[in-house]
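K.L.:
The residues making up each chain are set out below.
Number of protein chains: 2
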Amino acid sequence: MEIYKNKASEWFKNLRNKICNCFEEIEKNYSGNMTTLQPGKFQRKIWERPGGGGGEISIMRGRVFEKVGVNYSKVYGKLSPQFQNKIPGAAKDPTFWASGISIVAHMNSPHIPAAHMNTRFISTTENWFGGGIDLTPTFPEEKETSFFHNELKKICNTYNAKSYEKYSKWCDDYFFLPHRKEPRGVGGIFFDQLNCGNWEKDFSFVKEVGKGFKNIFPKIINNKLNNTWTDEEKRKQLIKRGRYVEFNLIHDRGTKFGLETDGNTEAILMSLPPHASWP
Amino acid sequence: MEIYKNKASEWFKNLRNKICNCFEEIEKNYSGNMTTLQPGKFQRKIWERPGGGGGEISIMRGRVFEKVGVNYSKVYGKLSPQFQNKIPGAAKDPTFWASGISIVAHMNSPHIPAAHMNTRFISTTENWFGGGIDLTPTFPEEKETSFFHNELKKICNTYNAKSYEKYSKWCDDYFFLPHRKEPRGVGGIFFDQLNCGNWEKDFSFVKEVGKGFKNIFPKIINNKLNNTWTDEEKRKQLIKRGRYVEFNLIHDRGTKFGLETDGNTEAILMSLPPHASWP
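Protein chains in written order, with our numbering: chain A, 1 to 279; chain B, 280 to 558.
Isolated chain A (complex conformation) (with noise of 0.2 Å):
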């Protein structure tokens, strides 16, 4: 188990660097109407855990991501009591392991999607991956959301024909705002304990994800990098955002359970938006 857990967390690291360089291009590349800002640069931020581990945070605030943060984590120690009966395998035995890369992205233009990528390795008497990748356009596009989807269902494919369908409804249950009545955005895919008995099976699957992401935002942000956006256009982006607010402090389980367990309130939080409204 040691060694798959090195193995994991290094690929998660590794990961979390080659995405932070792809981003920083596309910051770079960019020749819009915000050019008279610096291409943004990610500012790194080391962070331990009290009871074992830590992480490191990376934050870019740029011209083409208004805010993105990238936290690579590796912790471990002993859940709280009431924590044991929460995390499968930790019942009989609190000690865990935990390691995952977890990004989201919020674009300066309103006809970007934010983006938002996960996956972890974790570790009590039982071993699971978990992850997923989802989409939050203000204005969707139904040629963008059917490529976004294509291009999940073929990274599915690799681990199981009917993978595809069952973590994109996964993903669509989750994502969903209860007190709204609608969906965080257009839907993704969402997984979790993941373990068919074979590690290096779904470490794989976990890889094509991750790689996944570094190959289909991207694309959906070059599609559209360059265009301007008015300011109804923004304005209705920064409402959208008050929702996705809401779904990370209301609903969403990783951000619970983070805080409740005194996790890194910085790491956690990266992931709330620059600028939101609720007019």
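Keep in mind the hints are simulated off the structure, nothing from the lab. Wrong hints could be hidden among the right ones.
Restricting the straight-line Cα-Cα distance to at most 25 Å, the calculated cross-link-like pairs of lysine-lysine (DSS-like) are [what the hints assert, rightly or not]:
hint, chain 1, residue 1, chain 2, residue 2
1, B, Lys493, B, Lys480
2, A, Lys18, A, Lys153
3, A, Lys45, B, Lys515
4, A, Lys181, B, Lys535
5, A, Lys234, B, Lys515
6, B, Lys513, A, Lys236
7, A, Lys45, B, Lys460
8, A, Lys236, B, Lys320
9, A, Lys41, B, Lys515
10, B, Lys324, A, Lys181
11, A, Lys86, B, Lys365
12, B, Lys490, B, Lys286
13, A, Lys86, B, Lys535
14, A, Lys256, B, Lys365
15, B, Lys498, B, Lys307
16, B, Lys493, B, Lys432
17, B, Lys460, A, Lys78
18, A, Lys7, A, Lys214
19, A, Lys236, B, Lys324
20, A, Lys256, B, Lys460
A short, non-exhaustive set of chain B residues, derived as facing chain A with CB atoms under 8 Å [stated by the list, open to error]:
hint, residue
21, His458
22, Arg459
23, Glu525
24, Leu528
25, Ile529
26, Trp557
27, Pro558
So these bits of chain A aren't anywhere near chain B, every CB distance computed over 12 Å [said to hold, decoys possible]:
hint, residue
28, Lys7
29, Asn21
30, Gly52
31, Asp172
32, Lys214
Think of the CB as a built atom: it goes at the ideal place given N, C-alpha and C, for glycine as much as any other residue.
On the provided structure of chain A, position chain B as indicated by the hints.
P.N.:
Okay, now just chain B, sitting in the frame of chain A:
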């Protein structure tokens, strides 16, 4: 009890009218650098609760008040089984009745604190009042804070000599963000399950709280009514408002209760600021 319910509910509605008029007057009296905008006027929206009763939202977007919401409600019916054990006196009988007024004011000027006031009367097999007033400045000023607390102390002293100490501590404990290790604002008073056995005495205190807010907050506003501010001060106000959003969506019991019991989302989230940031 029906007479008491009507008396409380009518009084809350009447206070709503007085406060709305008072805030509209402030809008008219303004002569600072935002006079290109028209003085704000409250817009009213009636909502019905599917299970019984409803309320009236009054919202004003003005030049002094960037966004202020005043919600009056009178709701009744039966609590769902999951909430019967959370509400005093409801375990034996799920029938409930509740009426109240709730105000949240977010000001254009970063020098004028955001303010919150709420009073309510709730009846199950038990009956009680609850409420409070608290202030959230971006830039706390000792003189303003002590004026505010002194006025609240006078109000509490009309009830009994120990209430200020008790209710101001309760307020500090309640409006605290554990994940930020910081208070939401500079406190105020907070009380719940108020029932000394003499309904008229409790009601009389609640009326003092309502009238007190209508008296104190305009004084705080008028002290700085026409002052200007810098972009940097406004930026800090938006960050402070981000914390306000975090408190309301993660911790506030009223918000949680409202959203989980299918309350009116617009009325519940009326408290959120017009703009907030997490830069």
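K.L.:
All hints are to be evaluated individually against the structure, with a verdict given for each.
P.N.:
Each hint tested on the structure:
1. Between Lys493/B and Lys480/B the CA atoms are separated by roughly 20 Å; this keeps the pair inside 25 Å, and the hint holds.
2. Among the hinted pairs, Lys18/A with Lys153/A is consistent with the structure: their alpha-carbon atoms are about 23 Å apart, no more than 25 Å.
3. Between Lys45/A and Lys515/B the alpha-carbon distance is near 22 Å, which keeps this suggested pair within the 25 Å criterion.
4. About 16 Å separates the Cα atoms of Lys181/A and Lys535/B, which keeps this hinted pair within 25 Å; it holds.
5. Between Lys234/A and Lys515/B the alpha-carbon distance is near 21 Å, which keeps this suggested pair within the 25 Å criterion.
6. Under the criterion of a C-alpha separation no larger than 25 Å, the hint pairing Lys513/B with Lys236/A is consistent with the structure, at around 21 Å.
7. For the proposed pair Lys45/A and Lys460/B, the alpha carbon gap of about 20 Å is at most 25 Å, so the pair holds.
8. The suggested pairing of Lys236/A with Lys320/B holds, with an alpha-carbon distance near 23 Å, which does not exceed 25 Å.
9. Among the hinted pairs, Lys41/A with Lys515/B is consistent with the structure: their alpha-carbon atoms are about 23 Å apart, no more than 25 Å.
10. Note on Lys324/B and Lys181/A: the hinted pairing holds, with a Cα-Cα distance of about 20 Å set against a maximum of 25 Å.
11. Restraint check: the Cα-Cα separation between Lys86/A and Lys365/B comes to about 22 Å, which is no more than 25 Å; the hinted pair holds.
12. Of the pairs offered as hints, the one joining Lys490/B and Lys286/B holds, with about 16 Å between alpha carbons and a cut-off of 25 Å not exceeded.
13. About 21 Å separates the Cα atoms of Lys86/A and Lys535/B, which keeps this hinted pair within 25 Å; it holds.
14. Straight-line distance between C-alpha atoms of Lys256/A and Lys365/B comes to about 21 Å, which keeps the hinted pair within the 25 Å bound.
15. With a CA separation close to 15 Å, the supplied pair Lys498/B and Lys307/B stays within the 25 Å bound.
16. A C-alpha spacing of about 16 Å is found between Lys493/B and Lys432/B, which places the hinted pair at or below 25 Å, so the restraint holds.
17. In summary, the hint linking Lys460/B to Lys78/A is supported, as the alpha carbons are separated by about 23 Å, within the 25 Å threshold.
18. Restraint check: the Cα-Cα separation between Lys7/A and Lys214/A comes to about 19 Å, which is no more than 25 Å; the hinted pair holds.
19. Between Lys236/A and Lys324/B, the direct Cα distance comes to roughly 22 Å. Compliance with the 25 Å bound is thereby established for this hinted pair.
20. For the given pair, Lys256/A sits about 16 Å from Lys460/B by alpha-carbon distance, which is consistent with the 25 Å threshold.
21. Residue-level restraint check for His458/B holds (minimum Cβ-Cβ distance to chain A is 5 Å; threshold 8 Å).
22. This hint holds: Arg459/B has a C-beta 6 Å from the nearest C-beta of chain A, less than the 8 Å allowed.
23. Evaluation of the Glu525/B hint against chain A yields a held restraint, the C-beta minimum of about 6 Å falling below 8 Å.
24. For Leu528/B, the interface hint holds, since its Cβ comes within 8 Å of a Cβ in chain A; the closest pair sits about 4 Å apart.
25. Below 8 Å, beta-carbon pairs count as interface contacts, and Ile529/B has one with chain A at about 5 Å; its hint therefore holds.
26. Here the hint on Trp557/B is kept, as its CB sits about 4 Å from the closest CB of chain A, short of 8 Å.
27. A hinted interface residue such as Pro558/B counts as satisfied when its beta carbon comes closer than 8 Å to some beta carbon of chain A; here the least separation is about 6 Å, so the hint holds.
28. Against chain B, the non-interface label of Lys7/A holds: every CB pair exceeds 12 Å, the least being about 32 Å.
29. For Asn21/A, the condition that its CB be more than 12 Å from all CB atoms of chain B holds, with the nearest at approximately 24 Å.
30. With a closest Cβ-Cβ approach of about 19 Å to chain B, Gly52/A is found to remain outside the 12 Å limit, as its non-interface label requires.
31. The beta carbon of Asp172/A is kept farther than 12 Å from every beta carbon of chain B, the shortest such distance being approximately 20 Å.
32. With a closest Cβ-Cβ approach of about 25 Å to chain B, Lys214/A is found to remain outside the 12 Å limit, as its non-interface label requires.
Going through the hint list in order, the structure satisfies each hint without exception.
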